[in-house]
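Q: Below, each chain spelled out in residue letters.
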Amino acid sequence: MYSKPRRGPLIWAVLMLVLIGMLGSSIHRGLTIDNNILSLLPPTEQDPVVAEATEQFARLMSRKTLFLLGHQDTQVLYQAAAEAETVVRDAGLFHGVTGKVAQAQQQAFYDLYFPHRYHLLSAEMRTTLQADAKAQPLFQAAEEALYSPLSGLFTNQLESDPLLLLPNFLQSLPKPPGRLALQDGWLGADVAGRRHVLISADLRDDAFSRAHQIQAEALITKLKTQLTTRYQDLQFHATGMVRYTAAGARIAEREVTVIGQGSILGVIVLFWLVFRGPRPLLVGLLPIVTGLLAAAVVCIAVFGKIHLITMGFGAGLIGICIDYSLHYFAEILVHDDVETPVLPKILPAITMGVLTSIMGYLGLFTAPFPGLHQMALFSSVGLAAAFLTVVLLYPSVAHGKRMPSRKALGPARRYLHFWQGLSPRFLLVAFSAVILFIITGLPRLTVDDDVRSLQSTPEHLRSQELFIRQAADMPDASRFLLVEGSSPAEVLSREEQLAQTLETWVAEGKLSFFQGITRLLPSPTTQRENHRLLRNILNRETVTGYVNHLGFDPQITTGLLQNLAQSKPLDLQSWLAHDASAALRTLWVGRTARGYASLVMLGGLTDVNAPTQLEQAFTGVHYVDRVSDISQLMTRYRQHAGRLVALSYLVIFLLLVWRYGLKGGVLVTLPPVLAALSSLAAFAWLGLPVNLFHILALLLVLGIGIDYTIFFAENQGSHVGTTLAVMMSATTTLLSFGLLALSETALLRGFGLTILFGITTAWLCAPVAMRGKRL
Amino acid sequence: MIMPMFLLLITGLPASGPQDPFGPLFQQAVVVSDHAPLLAVGERLQQVSVLRAAFTQEKKIKVLRRPLISKGAFLFATDHGVSWRTTTPFDTHFVITPDGIRQKSSTGKAMVIKSEQQPVISGFTKVFLSLFSGNTQLLENRFKVFFNQADDTWQIGLKPKSKVIGRLIDRIVLEGEDHMHTLHITEHSGDTTMIRFESVTEQPKTLSEEERGYFVF
Chain A
139 MYSKPRRGPL IWAVLMLVLI GMLGSSIHRG LTIDNNILSL LPPTEQDPVV
189 AEATEQFARL MSRKTLFLLG HQDTQVLYQA AAEAETVVRD AGLFHGVTGK
239 VAQAQQQAFY DLYFPHRYHL LSAEMRTTLQ ADAKAQPLFQ AAEEALYSPL
289 SGLFTNQLES DPLLLLPNFL QSLPKPPGRL ALQDGWLGAD VAGRRHVLIS
339 ADLRDDAFSR AHQIQAEALI TKLKTQLTTR YQDLQFHATG MVRYTAAGAR
389 IAEREVTVIG QGSILGVIVL FWLVFRGPRP LLVGLLPIVT GLLAAAVVCI
439 AVFGKIHLIT MGFGAGLIGI CIDYSLHYFA EILVHDDVET PVLPKILPAI
489 TMGVLTSIMG YLGLFTAPFP GLHQMALFSS VGLAAAFLTV VLLYPSVAHG
539 KRMPSRKALG PARRYLHFWQ GLSPRFLLVA FSAVILFIIT GLPRLTVDDD
589 VRSLQSTPEH LRSQELFIRQ AADMPDASRF LLVEGSSPAE VLSREEQLAQ
639 TLETWVAEGK LSFFQGITRL LPSPTTQREN HRLLRNILNR ETVTGYVNHL
689 GFDPQITTGL LQNLAQSKPL DLQSWLAHDA SAALRTLWVG RTARGYASLV
739 MLGGLTDVNA PTQLEQAFTG VHYVDRVSDI SQLMTRYRQH AGRLVALSYL
789 VIFLLLVWRY GLKGGVLVTL PPVLAALSSL AAFAWLGLPV NLFHILALLL
839 VLGIGIDYTI FFAENQGSHV GTTLAVMMSA TTTLLSFGLL ALSETALLRG
889 FGLTILFGIT TAWLCAPVAM RGKRL
Chain B
18 MIMPMFLLLI TGLPASGPQD PFGPLFQQAV VVSDHAPLLA VGERLQQVSV
68 LRAAFTQEKK IKVLRRPLIS KGAFLFATDH GVSWRTTTPF DTHFVITPDG
118 IRQKSSTGKA MVIKSEQQPV ISGFTKVFLS LFSGNTQLLE NRFKVFFNQA
168 DDTWQIGLKP KSKVIGRLID RIVLEGEDHM HTLHITEHSG DTTMIRFESV
218 TEQPKTLSEE ERGYFVF
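The listed protein sequences derive, respectively, from chains A and B.
For the first sequence, counting from 1, position 771 maps to 909 in our numbering; every step adds exactly one.
For the second sequence, counting from 1, position 98 maps to 115 in our numbering; every step adds exactly one.
Just chain B, with the same shape it has in the complex (with noise of 0.2 Å):
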């Protein structure tokens, strides 16, 4: 029998900054039923049904001497998952949904993995959807929470408390206001994904036909 060979683990070297931005928020974790001001912001993010935005993602490889910069549609909605639809400067797709994974190529071609047949894709599927529903309960579950608040600016670093998610990501630190508005994600390789949600909004509140379509495997 085959192993999933993308999914095979590899280790690399861990994140390290010469100067990190997000060394204060990390310096101490909370108790997510304790902290009040952490339960609030989990709460305005769980009011949320549908969240649309338009997204600029720079995605900083080791390896590579310029960032990725690449800019598209994102659509989370509770019940059905989160769909990055990118447009420059390729046309892709790629949609999580607790079902699994769908990633659709500019030629076309789709590469789908079901739950049901990766058991680890779940998890995965389960943290990223928490990321933007706010359920700071299973994030505490994964994570170690750790939580800051300078006026209006709330910020959330995440650290992985399984190995299985700690051999790909090493942290994740969530921003924003009213709605979240930044994503970092440092991979456990040193590479940075950088996302800004832009036009951030809730209209409409429910998903058109196409739209609905995304979730579908």
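Same shape as in the complex, but just chain A (with noise of 0.2 Å):
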């Protein structure tokens, strides 16, 4: 008599409310999804002070949203701008609203300097002075100035600024790069002809929280909406992180919910057209549960949240998981007595399958990208709990009263019968054809590291951002310099003699522009320097010469000399907590772990490697090139994770060697080889490139491919069974699969892709594994 053995359903079901207990209390202390990209992408640096800054950056960067309005009459655009100003400025969410400029505020600008003008000097003049101590070319300059038709723009400072010191210093200041300037308080440009004019937000919070994210997009749409309608012909976009990573969590979602779905979906319809039963279906759903439940469960405890590609990549691992239940149903088929124990027979095929999948699995653990991780962590844990599911709850409740429909077996038998019939040679011919497809097809296979391919960007917003872009020639926020030193003032000084060469690479067209801190504010040593030459030069006898020449008052010469004495330089404190600031604060980052730094944005770099000399030239100059780094990162692990394929392929073939003697080995084997390079083959043919993800999918194409042929080589009496089982296996996978090779995040597309075409190579080859054992 069978008797239902009691150990196994109860351990399973100890196991099964500890993982819901677990579950239940991260729900309790709140849930994380991650939906941010950058999370998954391995730390470029070595240099953590590098990194940090970089993160800071990116992090500020990725708050900025910009709003650009258009329209061909000027008085139309400027009630429409005002009123998406007040509109975003209420709503709440961002801080940092920069539209219309008040007088106010373009007043506050000079009166930020003007204390300190006796500190302040034009490159120009400076080095003027410094070649030649006399006090005639200052007095000269500021006398041609009055001549001047545009003197009525500074006379009446001429009181306190009788040397007209901060005009001059002002008009040196480098203009701001791009089309962008100030006109009716506005920054704006003329773009084909019609008026545009900028508003500027800052995201109070990471763009990467979904709450944010769905606000943010939401008042978007509320404002275009309402901005168009009430004004007609207004041109309105909007860019910025938040609208990247709010379309790209939307997508996620929908196609986990998509994947998901199907993928159950398609297990249901196969269960029922094959086992035409109640209970092999709902039994047959309970390893699922419990993967994706374990899965889950551990990934939060690990990671402490789970990212939503990873939720993506396992709802592939749906197909897999119910290998183990086919497994053991299609056995049930094979004898035709309910009581027969089934465990037995499949345990050492899915034990061996169990562990080369997870064996393919980790080998993910190997590249540095904590989203492999994950995705890895995430499936070797949901197939262990498949498996155990099967192993421990079974042979409780998979054996119903009746036998199941037996119907399924006749087309496994004929497959059968078919694959045992084929000659030799035939087999030989087809594999050699196979072979002819792989050795003609890898040498065209193309690769693309470039980690910008991975960017899914709608393409609403991608012209968005193009269309702003252009208009108001933002620098290149991935490309920068960063420089240290032990105090600000060393930073300072650090960035002014590195402007000086970025400068001249303007003037060789090697660079359009350059934004740094030292653009705004000069350093204290050239602030001292300054007062230094203004010192040697201005005395009573040379002040009253000029007051005199001019017609001044002769008690300004008094008034200025204190001012002269007194005058102090402008810190950096005070600079960053003025308004006047606002749009450089960002590069001042401030206190690092060995002193601080600020960072130089670059924009229109001719060689994007030239900035790496800079490092050797100037001390404590650093260059970053997230885009660049990141590529050559995966070219890197690329190659390594070639070799580390390869190896095993190796690994696992000895493994086989072991088991199943030496011809036995290669049978079992060769299917996965095949699979794996006729992807490649595949790739190459169809004139896709290929990357790290697309061979750390071949990982999984071995990992999978490998039960198949395992089935096949162990199962000695019940091959119609393993027939049966590897059929509805692979077309389960290949349906998880398939979807996910459907999605539009390039990730997930080239992992469903190339296993698509790798397991559809691996079933159609497996069967040639029971030959082994027959010779």
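Keep in mind that a hint or two might mislead.
Computed Cβ-Cβ distance ranges for the label pairs, DEER-style [unchecked claim]:
{"#": "1", "chain 1": "B", "residue 1": "LYS77", "chain 2": "A", "residue 2": "ALA715", "range": "37 to 45 Å"}
{"#": "2", "chain 1": "A", "residue 1": "ARG729", "chain 2": "B", "residue 2": "GLU133", "range": "37 to 45 Å"}
{"#": "3", "chain 1": "B", "residue 1": "GLN220", "chain 2": "A", "residue 2": "LYS272", "range": "41 to 49 Å"}
{"#": "4", "chain 1": "B", "residue 1": "GLU133", "chain 2": "A", "residue 2": "PRO581", "range": "47 to 55 Å"}
{"#": "5", "chain 1": "A", "residue 1": "LEU604", "chain 2": "B", "residue 2": "ARG61", "range": "46 to 54 Å"}
{"#": "6", "chain 1": "B", "residue 1": "VAL233", "chain 2": "A", "residue 2": "ARG368", "range": "38 to 46 Å"}
{"#": "7", "chain 1": "B", "residue 1": "VAL233", "chain 2": "A", "residue 2": "ARG666", "range": "35 to 43 Å"}
Keep in mind the hints are simulated off the structure, nothing from the lab.
For each residue, glycine too, the CB sits at the ideal point set by N, CA and C.
The two chains are supplied separately, each in an independent frame; assemble them into the complex guided by the hints.
A: Dropping the structure here:
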């Protein structure tokens, strides 16, 4: 009498309770789903200071949101823009909303520098005075300015700044890059004959909080509708990291649902078609539930949160978790007796299967991509849990009173006989054809390691960003220089020296522009030098001469000399605290682990590698090129992964040789090897480039494909059952990963497609493993 | 983004004089299209394609006790712009064209502001150039126009309509007979500029190679 074991189900039930309990407490504490693409990427910087500065900068830049409005009629435009500014400000999502610059604000900029005018000189004047310490050039420049038609611009400050030091300094400041100019209080540009104005805002919080993304997108949509209905012909563009993350999250959420539901549906349909009974279906879903539950719980326990991409990938797991159930039920079908213990017959096969699959997934841990680690852990735990469910629970619940329908065995038997009937010569020809396909295809294989290919930016967002970029000529936030020093003064001095070289680059056309704090704020060293030069040439005698020559009130001399003596430099902290520095404030990194740092942004580099020379030429300067860094990492790890894949295949081959002997080992390993290579060949023939993720997916092709061949090699008497199980298993796997291949996310699409090609081949070739045992 | 500092418009005191020589002129505004004598003056000015003169500029800045006096050569060409070449006391060159403004100092350093980079500039250049081209219609767009004629001498008075110009300029007076011979500018800050043109001639009617070069940025 077949006695239903008690221990197994009990252990399983306890495990389930523990898992549910842990999930419950996680949800209670607040389950976080991470949709930040950046957290998938590895840290590229060995240098922790640079890494932190880069991260801080990226965080700040990710909060910037820009709105660009355009209209033929400037009055209409200003009205619409004013309305937009109010709406954005009132929404409470942003701070630092900059739209119309009031007169007072423009004045504030002037007021910031005015008290320090005796510490400020144009570079040209400084050079002139350093060459020859005479007051004449300074006096003459001031006098000439007074004769100029433009004198009206600064004569009202003439009494307190008789030498026109401040206008002289301000005129020497570099113009802002790009076409944006202040007109009527609005920062804007003319694009295609139409005036556009810019409103910029900083998100209050991270661009990666889902709640904020939803709110921000809703606001932007509402604003656009509101404005375009009220003002005909108004053009509205908006860009910012938050838009991309919102779109990405929306896509990922949708896909997780589609893939999950699609896979489950496929499993249900298949089970019904084959087994025709409620019990197989319900019991069959248990390992999936357990698997996903365990995977989620362990991931949260280890990582603290689950990434959306992991969930998408995990949804594809559904098609594999089902494998062990399929084998169990197929085995039941083969034995015409409900009572026969099935587990002992399939245990060796499914144990080998789960071990090789998990080994395949664990290979993903070798690349330092946190995203891949999560996927690996999620999948491994899921599979292990599914396996344990079958082992612990099935003997008790899978056997019903009646046999499930045996009709499905028919087609399986026919396929099996077909395969067994194939002559060795035919097989040789067929396999040679496959090998030919591979050999002719592989040389055409192309690689694309550029990390930007991974980005799937929705077209409407990309076009808006491009438009705004062109209008505003924004610098490239992914390439910059980090300047370090032991004190803020040292940082600024070093930055000034660096700026001199960068200025020659601009003159030579190697660079369009650069932005750094010292463009607007001279370093303390330079300010002290300015002051020293002025003190050298300005004394009672020289100043009186100037004052009398032009006809100033003679008392002005005393005032000037007093101001000169009492003048203090403009220090960094005051500058940062002032409204006027808002635009460049993000460039001040501040305190770091080994001192202080600031950033210099670069725009329009003709040679993206050129700035590396600066690292040698200047102390404390580091060039960060995030795109290039990550792409190089991708290349390095793609090559590394290639070696790893080859090694894994070798290790598994040796394991199988140990179990099945040399010939058996070869026949069992051959299908997955051919699967992997023909997958690559398929990409080559289709002209699709591969990257690191495709290579890593080959590990999964190995892990999954080897299951099929192992099952065929192991199961002696019930090859029909195995055939049925493998056919169903391949169908569910292809369905799940096929859905993944349709993903909009390049990462998931790469995995899906590789596995699709690979598993198809593996399944077609798998029965060859049977022949090993026979001979 | 920094703002173009030298274009900061700073408030100051409005112009006021103890005895305003142009008081009568500014009593009654006119409508250009209705005013035949004004139109006639405008037409005469419009006939000019090239105008050259020697100028003397007298600038009275409030804070300074002595006026600043400079002399030089003036050139106006309808399709090009205006060029002020100062010779005393400094050698400087100031050029206005529809494309922008260029100021070259005695050290040779040139400062250029293009209209396309600073849209505010194009407004100013249009105003300046229309003072000489006699485009009375354009002037009426931007200014309230006043007119007076006594014998052969005419006076055109202009008060800015827009706040943007009004922050810099309080009023402008052009005086002339055949050609304009005096230009008075009263700035919002209270400074006044008076420019006298002498030896005014329309010959030669074409620009030399060098002169053409002035107006190219």
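Q: Now, for every hint given, state plainly whether the structure supports it.
A: Against the structure, the hints:
The hinted range of 37 to 45 Å is satisfied by LYS77 of chain B and ALA715 of chain A, whose Cβ atoms lie roughly 41 Å apart. The given range of 37 to 45 Å is respected by ARG729 of chain A and GLU133 of chain B, whose C-beta atoms sit roughly 42 Å from each other. As the Cβ distance of GLN220 of chain B to LYS272 of chain A is approximately 45 Å, the hint placing it in 41 to 49 Å holds. Against the hinted window of 47 to 55 Å, the Cβ-Cβ separation of GLU133 of chain B and PRO581 of chain A comes to about 53 Å, which satisfies the hint.
For LEU604 of chain A and ARG61 of chain B, the hinted distance range of 46 to 54 Å is satisfied, since their beta carbons lie about 53 Å from each other. For the pair VAL233 of chain B and ARG368 of chain A, the supplied restraint of 38 to 46 Å holds, since their beta-carbon distance comes to about 45 Å. Our hint of 35 to 43 Å for VAL233 of chain B and ARG666 of chain A holds, since their Cβ atoms are close to 42 Å apart.
The structure meets every hint from the earlier list without exception.
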